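A.B. asks: Taken in order, these protein sequences are the chains called F and Z. The opening position of the first sequence corresponds to residue 1 in our numbering, with each subsequent residue numbered one higher. The opening position of the second sequence corresponds to residue 1001 in our numbering, with each subsequent residue numbered one higher.
If you are wondering where the hints come from, they were derived from the structure by calculation, not from laboratory data. One thing to keep in mind: the hints can contain errors.
[To be verified] Chain F regions said to be covered by chain Z (calculated; three or more residues, Cβ under 8 angstroms): (1) 61 to 73; (2) 92 to 99; (3) 102 to 114.
[What the hints assert, rightly or not] Mimicking PhoX-like on lysine-lysine, the simulated pairs with C-alpha atoms at most 20 angstroms apart in a straight line are: (4) F/LYS61 / Z/LYS1049; (5) Z/LYS1053 / F/LYS61; (6) F/LYS61 / F/LYS23; (7) Z/LYS1303 / Z/LYS1259.
[As the list claims (entries may be wrong)] The following residues of chain F were derived to be distant from chain Z, with all beta-carbon distances above 10 angstroms: (8) GLN41; (9) GLN122; (10) ILE125; (11) GLY143; (12) GLN144.
Please read these numbers as outputs of a predicted model, since none were measured by experiment. Note that the Cβ used here is the ideal one computed from N, Cα and C, for glycine as well.
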Amino acid sequence: MKDFLQIQKLLSQNESEINQIEKCNEFSSKYGLVLTNTQIQTLSQERDNTLKRYGRVELGKGILDKLIFEFCDSPFIWQENYMDTLSELQDIFYYFKNESLDEFTDDELIRYMRKSFDNQCQGSIEYLRETSLEDVCRSIRYGQEAYKYLDSYDDDLE
Amino acid sequence: MDALQRYEHIQTVRSEYFQSLLQGAAKEGIIGSAQVKKIQVGLLGLLSKQIEKYTLGESSSVTAESAESLLKSICFSISVALKCQDNVVIASELLEHEGIEELFKKGNELIRYYFEDAKRLWIKIKTEGPKISNLAYNDTVFIGLKEFFDWYDYRFSAHEINGSLDYPLSYDEMDLKGIEYIHEYLTHLDMENGFCSHYDSHSIECLMRGYSKYFREDLLNVFELVLTNLLGRSILGYKLDRLDISEEDREWLLMQLKKADESVLVQKMERAFYEVLSFMEVESQYTIEYFKITLKNIISRVKHNINLGKLDKVFITLYEKEDENLISGYIDGNKMEDEDLRVLIDEIKDCRFLDDKIAMVSQSVKSLDDLSEVLNECFFEGEYESVFKLLDKREIQELKKRINENKTDSSSFYEWECEFLRFAVD
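Just chain Z, same shape as in the assembly (with noise of 0.2 angstroms):
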């Protein structure tokens, strides 16, 4: 058989490239069985390295789950050296030449180096990305994310993800550890958010509204509605420059769409789609074949609900204006140690202007059970309403809720909550 031929029968898994490599040459035996032996006693002899690393050298043994963990963090660094030739040819050969130990030690320089850089991408996110009311995103990338890069150990623990990313890709097919998953997510976090941070976070937020009247707690990906509603407008003859469609544009849109057979459908939805693109002026050819992903994805939600005679959840109304009795999800902030509120409440009680006492609640309290506890015992018929200004529209909803929930009579009231629930009415 000829030698390019049986290179091409080898299977490659990107999550464990270099237990498939190995596997797939030996298998065709591009790589002699004294060569996996000797392989497999070089991974012995990192695995022992590592071990005494991991325990500083203070014991001999490891329990099965941390030996366990250890060699996958090496196989990781390994499959990351030979992946980076993105050629089987060449990691074959590589992985038959070099000894296990240098492939091991190129593979932590890369992932150095991919740590780096994808630290330099969360903090351009962080900074630069659009300011989004989804919980799943903030989470990510504020919590997630951080938690993830403070705990990161490339030397014992490489293949692993620490911190949660609840935040969903248009496209994520999450076959990738450790740092390379986290790499290629930023990369595509990056690419998604340099494409949506054409529109103010006002318009997505409406847009993302629009979808949802729960979108602050739904996992939906942003950069996804944006593209769509683009592509509705483009091929309404629209601007680019807004997202909204109307009821009417959806209309029209469904009787066109319903029209065309569907090859017509794709060649139509690709027109839109390379005319939003220069629109954007998006170049890289990386960056185009990624978001190619997703409009397959749009076109066969496109076609789906064609059939079922409805494009409103595909094509968006952008919705202005929030529905106070639909607000959900609130999210208190962190309650205060009883000491240290025992000691501000004092403080408050102590203190005799109006003015100082307000100062002194904007700054310390941060729960909405702290400030009930505060009102009840600091503040006096004729202050409240100072305090109530503090508050915004979302927490006077959730604090009326609270108090019309906790109360089976009106004459259980404290005298605040009686003026609270004047205040909240007006």
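Okay, chain F solo, but in the shape it has when bound (with noise of 0.2 angstroms):
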């Protein structure tokens, strides 16, 4: 399995991603965010070693991209802030794909992220990692099935 898996690294796949990040910068400048290509690649480094700490495995192009869009009209995010936010993000994205069982899709917990991210947690990301998302993946964890956790959760803003 490791020697398929040290095969990923043969495809060029990080320029594709630089690519598509680039095209993600052109949407979230609007918002005054952008990242420079040092800041692209170390994020996709981050990435890959996220990845091997929580023991997940991606062969497509990562979640960065919806990160970014999700993002970057959060009223807490500004440009000196905005790599590392991402970067926390983007560790605290696989750490509940593991802690959920999966049960989230990649749109319904990122998009759970951000609103709990503007609203609950008021910006704060130790907020989101240690009580927010810990109390709905314990909740899945007991038998709670995750969209019904989200519909609440949207009944509860409206």
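With the hints as a guide, dock the two chains, each given alone in a separate frame, to form the complex.
C.D. replies: What follows is the structure, encoded as structure tokens:
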């Protein structure tokens, strides 16, 4: 298995990923948020480390572009903390994919993260990681179905 | 080195045919490193597609365990496609020239075929197979295999086996995975059952009882018991339409076989084996080859037991009567939910006619615990015996045991319990 996954590196995935994020830059620049090439590479490297640390495998393009699209209009993110926040969010995302037993789809988890981040957490990454998501994932592990949680959360917000 | 010689050096493993073939062919230089790399990249592409299908495109990543399982499933499918060539040379050429995705598709088609064929065999075994009173056999045929056919997923976990197969075959290498193992297991079980079906289930049960008093719970192979006794009868010169071997027959066999040196013993057993086969009209070479492996095991067991000076666990005397004290391992039926039981008790209480009450009990009560409750609440003196008559021998034995175990003195017996103990003695 490990041998096969090492070949992943043979595929020139990084270049296409950089192109992908550059396209996101065009969109996020409307909100004054831009990533440099070095930052994109750092985030990509961090993603590899995170995946390894949490025992996950990802052969596609990753979720960085989705995170950018979802979070770029958050009032709690500005250019100075943009890169660090994305890095943390990426780490939190993969951590909670595991913790939620993969019950959340990518989009659901990112949507939930964004809503918690802006409302309950008031932009605090620590609150998001230690409290908000932890509670949901615990409920899921106790048998609560993910979509029910999302629905009730949507209702609360409305 | 001669090209064919290089192929001979490739050592393939049945459970991981694709991986072992690729490794061997690469080592012998039959497949170049560029092709190996191409295959690996192809595998990665396939894995990526499978992950997308597995997550319905809703998750870009999966846990390492899921990815590993998906990759194993892909390799299993490719192995099936390569293995059907039955030849290392052709399989290696296929691996070199055919795209990995094509092989994967071919493998999946074959797996679907094996699945359907295995299901056909399973249904045949369920409906036409001998009625064997052995827990492992019945659990395997009616529960374990059902679970397998209900849950098997060739797309993402083709290499896995759901459901437990406890019944031991007379010979099982257990070096296959997924549907390949199940297909082989069922093929062999069908052969064994076909062999045993020449004898009625009563004779087989007596044979099993003769082998062990715990024949219902023991992990034993019925075919091996039947074949061994038939070999004994053949050596004795008896007709093969029955299975019994008496105490005197066994003594005679021990004397005869003890005298013979090893090669003569093997010859005798083989001659007997072919006589049994011709009596059974077994002609398929595949079946004969499979039975031969069992013969080998039997011969070594006979040799060992001759050295010990007794053959009573090899050639079995049929035991007709069940010793009631030895009845063990009674398995109670499913208990009702408390609420359902309460409703039933109320209904029976409202009922005025004994016949109707009995009909309700026989229809709804499946466990002895529930029956005790019902007897406590709904029946009166003079009515109990009609209920007790619903029970079979094993159930009476078990209920008696439970009543005696739970009570310390006779004054604490319920009315129905006293009457039941009197009924059980009769």
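A.B. asks: Hint by hint, work out which the structure violates, then give me just those numbers in ascending order.
C.D. replies: Nothing - there is no hint that the structure violates, so all of them hold.
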